[in-house]
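**Q** Same order as they appear, the protein sequences are chains A and B.
Residue numbering for the first sequence is 1 to 353, as defined by this note's numbering.
Residue numbering for the second sequence is 354 to 774, as defined by this note's numbering.
These are computed hints drawn from the structure, not numbers from a lab.
No incorrect hints appear here.
Derived pair list, reagent style SDA-like, types lysine to any residue, alpha-carbon separation capped at 25 Å:
| no. | chain 1 | residue 1 | chain 2 | residue 2 |
| --- | --- | --- | --- | --- |
| 1 | B | 729 | A | 261 |
| 2 | A | 332 | B | 684 |
| 3 | A | 337 | B | 693 |
| 4 | B | 683 | A | 296 |
| 5 | B | 729 | A | 245 |
| 6 | A | 337 | B | 695 |
| 7 | B | 729 | B | 662 |
| 8 | B | 729 | A | 37 |
| 9 | B | 683 | A | 265 |
| 10 | A | 332 | B | 472 |
| 11 | A | 338 | B | 695 |
| 12 | A | 338 | A | 227 |
| 13 | B | 571 | B | 750 |
| 14 | A | 162 | A | 61 |
| 15 | B | 683 | A | 251 |
| 16 | B | 683 | A | 232 |
| 17 | A | 162 | A | 151 |
| 18 | B | 683 | A | 255 |
| 19 | B | 729 | A | 40 |
| 20 | A | 337 | A | 245 |
| 21 | A | 338 | B | 696 |
| 22 | A | 162 | A | 79 |
| 23 | B | 729 | A | 38 |
| 24 | B | 729 | B | 452 |
| 25 | B | 683 | A | 247 |
| 26 | B | 683 | A | 292 |
Computed footprint of chain A on chain B, listed as stretches where at least three residues anywhere in the stretch have a Cβ under 8 Å from a Cβ of chain A:
| no. | region |
| --- | --- |
| 27 | 684-694 |
| 28 | 702-713 |
Idealized CB from N, CA, C, for every residue including glycine.
Chain residues, written in single-letter form:
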Amino acid sequence: MSAELPDVLADPIFQLNLTLWMLQPLPGMASTRPVLREAGYTLDSISRPLPFPFAMRAAVAAAAGSHDAPCPDVLAAGPTQFDWLIIECKGAGFGPDSSAAKQATKLLAGAPDLTEPLALAPGGARSAHLTYLTRNDHREALAGTLEELRARLAAGGLRAGKSGAFGLSREVDGVYIERSAGGSWPAPVEQMLPGPTRVIQLDADEDPRPLYFIPWDPGVDQGPAARDECKAILFARIATEATSEVGRTELPARVLLDVGELLSRATYGVSRRWRYKGDIDKVLRECKRFLADAVAPLKERLALALPSGPERLEFTLQTENERDATIDCLMKANPLKKLPTVEDENQLPLFPE
Amino acid sequence: MNEATNRLLPPLQSRRDFFDYLDGYSVQAADELFQRHTTRGLVKTYMLETVRNGEPMPTMDSIFGRSGLQLSQVDGDGLFQVLDPRKGGAVALLEFLNDRHPVLYTLMTTDESDPWVRGLVDSTPWLDRLWLSARLFQELWRYVQTTASPRRYTRLTFEYEGLYEVDEGPAGEAGQDEDEDNNEVEPTLQRDDDDRPIVERRSSKFTMVDRVETVRQKLPDLQNTYRPLYSITQLRVPGSTRGGHDFYFDGKVTNRGDSFADHRQNVQFVLGVYRRVTERAESTLWVSAEEAGADQAGFNLKGAPVYLEFSEPLEQATFDRWVNTTFERKRNRFRLGGRPFRLSPGKVHVYGVDRHLWQPVLLEVTRRHIIAVLPKGTCGNTIHRLVTNVQRFLDPAVNAWVGDQPYNDLVDQALPQGNVG
Chain A
1 MSAELPDVLA
11 DPIFQLNLTL
21 WMLQPLPGMA
31 STRPVLREAG
41 YTLDSISRPL
51 PFPFAMRAAV
61 AAAAGSHDAP
71 CPDVLAAGPT
81 QFDWLIIECK
91 GAGFGPDSSA
101 AKQATKLLAG
111 APDLTEPLAL
121 APGGARSAHL
131 TYLTRNDHRE
141 ALAGTLEELR
151 ARLAAGGLRA
161 GKSGAFGLSR
171 EVDGVYIERS
181 AGGSWPAPVE
191 QMLPGPTRVI
201 QLDADEDPRP
211 LYFIPWDPGV
221 DQGPAARDEC
231 KAILFARIAT
241 EATSEVGRTE
251 LPARVLLDVG
261 ELLSRATYGV
271 SRRWRYKGDI
281 DKVLRECKRF
291 LADAVAPLKE
301 RLALALPSGP
311 ERLEFTLQTE
321 NERDATIDCL
331 MKANPLKKLP
341 TVEDENQLPL
351 FPE
Chain B
354 MNEATNRLLP
364 PLQSRRDFFD
374 YLDGYSVQAA
384 DELFQRHTTR
394 GLVKTYMLET
404 VRNGEPMPTM
414 DSIFGRSGLQ
424 LSQVDGDGLF
434 QVLDPRKGGA
444 VALLEFLNDR
454 HPVLYTLMTT
464 DESDPWVRGL
474 VDSTPWLDRL
484 WLSARLFQEL
494 WRYVQTTASP
504 RRYTRLTFEY
514 EGLYEVDEGP
524 AGEAGQDEDE
534 DNNEVEPTLQ
544 RDDDDRPIVE
554 RRSSKFTMVD
564 RVETVRQKLP
574 DLQNTYRPLY
584 SITQLRVPGS
594 TRGGHDFYFD
604 GKVTNRGDSF
614 ADHRQNVQFV
624 LGVYRRVTER
634 AESTLWVSAE
644 EAGADQAGFN
654 LKGAPVYLEF
664 SEPLEQATFD
674 RWVNTTFERK
684 RNRFRLGGRP
694 FRLSPGKVHV
704 YGVDRHLWQP
714 VLLEVTRRHI
724 IAVLPKGTCG
734 NTIHRLVTNV
744 QRFLDPAVNA
754 WVGDQPYNDL
764 VDQALPQGNV
774 G
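If we strip away everything but chain A, and leave its shape as in the complex, we get (with noise of 0.2 Å):
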C-alpha cells in the first residue's frame, strides 16, 4: 500500500540530490541504493553547458526560441556502447506548449551527438538519453510530452535523442524509482529497473531526504516550507565552510571570509553556474548577513566589518581564545533563524541597536 505522496519527493532539489546518491559509489546493500551506479553510470557534470554545433544552431533557435547551451541538471556517463543519461528533474510534468518544453526541446535536440558539446575527440557519436525525474503519477504523462517534441523535431528536419521519464514514489518501506512504459529505455536501465526498484529504504515514519550534496538553487521552483529547509542547510554548509577557513588561519591574522567563495564550495562549485546575477546577489547578500548575525557577540572584540563587493566579512583574531570563541559562534549559529529579508536590509542596520 502506497503511503501518502510528501511533498519532499516533488521538490527538485530532492530529486537532484537523490540523483546523485543514485550514481554514488556505495555498497550494494546500503539504504541507500546507487541503481543507476550499479547499471554502470557514473556522474559526468552537475549543470554543464552543452553549447550547440554551429550547424545546428538556426534549426535548434526556430524549434526552441533559441540556441543558448542548455545546462542539464545532471549528465551521467555510460557504459561503453550505451547512452549517456542527461538528467532533469521536474516537480511536476509539462505540456508540449510549456515554457519548460523549450529546455527539453533543446535537450533532446543535442543528444544524438554530445561529441561537441563535450569537446570530445572527433569520430564516433556520443548520443544520450534524455530521462526526465518527476513523481510518480507524473511519469506517464511527462513521457508523452516528450515523445510530441521529439516528432515535432522530426517534423523541423531535427534528429531527436531517446526519452523517458522516471517517477518517485513513497510506500511504507522506502522511496521508489520506477520509468515510465512511454518512450524508450537504454539497455542497461532496463535491465536494473524492470519494475519499481526500491532506492532509499525507510522506516514507516522516516523522512526520506538523504544528505544534500546541492542544498540550494536560486532558479529552481519550490514550496515556501522546502525552500527555507534547503536555505537553511546552505547557511549550515557556508557556517561550516567559514569555521574551516577559521580554524586553519595562522594567528594572529586579520581574516577575510569571501562570501562568494564560501558559497562556490558549499555547494561543490555549482552556485558559479547560477545564471541571474540578481539571484547570486540575492544569495550572497543572505549568507552574509547570516554569517554577520552569528558572530555579532564578537563584533567589537573583533573588529567585524563586513565590505561589500565582493561580499565579505573581515575580522581580527589575536588569540586562540578569539579563535575559539568565533568558532563556537559559527558552529551553534541557527540556520533556522529568520532574518531580515534582502528586501529590508536597506531599511534596517546589519546591527540593529
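Once you've looked at the hints, dock chain B against the given chain A.
**A** Frame of chain A, contents of chain B only:
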C-alpha cells in the same frame, strides 16, 4: 596548580645519548616488571597523524607552541626535546619516523602522559592520534602469528563500552559524561547512592593472555559466540627478546620489553602498515571523487561517501543519547562537530566539520547506518577514527566501506610482502 613531574628526561646532547638512555631505562624497567615491583613509568610512545603528503601545515614549533610547549632540536636530524615549563623541563622526545607521522617518546606515567597528549592533540587541528581499528589489529595479529614463536605469550584486550546505552530512564539523563576531560571509561554500574538511580549499560573488557598458538586456536570461536570480542583494542606484539610492545587503539604504545631499539622498530613497522592503509583509503576516495576526468566544464562532487552499517539497529535511546552528546560538544571522541538537523526520530543530518584539519564533513546518522561524505583532501585518519570509535562505543561488529570498497579489503594485504606467510 603545580603540575611538575619527576619523569623528566635528563639533559643529554645527542640522539645516541637519548636512545642509549631509553635503552638502559628499558632494561631496568623490564627487570623490575619481571620481578613484579616496578614503580617507574615505562617508556611510552604516542603515534600521531599530521596531514596528507604535500598538504601545507604550520611548523611543529608553532603547533606545539599552542599548548605552551617548546621544541629543542637534538643533533639536527629530526629529533626534538619537548619542553613543558609547567612540568619543569623535557617531558618527551619528538621524532619523525616518517614525514607524515611524528611520534612522542615519554617516561611519564600513563596518568600523566595520557591527558598531556590529549591536551596537545585537542589544542590543534594539525595533529590527531593514530586510530587502530579492530580490523587493523586483526591484521597485526596475523603478523604476530606469522612471525612470533607459537610458544611466546601475547596479550589481546577486547573492549566494548556501551557508553550511549541506557537500560532505563530518560535518554538524556546521563548526557554529561561524554566530555573526555571528565571521563575515560565509565564504570558499568554507576553510583548506587540512595538518591541516585542505578544506570546499567553493556560493557565488556576482556583480556586474554596466552601463548600465541593457543589464542590462534581459540579466538575465532570466541568471536563468533560473543560480538564484543571483535572489538580488539590492544595487542601485545612479542619483542625480539623479553616481553613485548603493547599497542593500544588510540595510538599509544607501551614498551614492556627490554630494548628501546626493538620498541622503536615495532612502532616504525606499525606506522608503515597504518600509512599504507590510510593512503589506500585516500586513494579510493579520490578516485571516486575525480572519476569524471580533467574536463570540468561542469562541476563534479569532490567528495565520496564512507558507509558504516550497524550489525543491528541502535536502540532509539542509544541513538538519541549519542547524537545529543556528540556533535554539539566541543570535546567528543569523534572530533566531529556541527549542528544536527533532526529530520525524524531516528534520522539526523549534520553538515559539520572534522576538528582534525577543520575539514567540512557531511554526515547522515540513522539507527541503521552512518554515511559520511568526506571532501577531497580529507585525511584518511578520519575514517580510522570513525570506525574505531563506533566499534568501541556503539557497535563492536560494525561494517564499513570506503565508497563501494569494504574497509576490510583496504586493510587486507597491508603488511609488507615477506612478513606474512
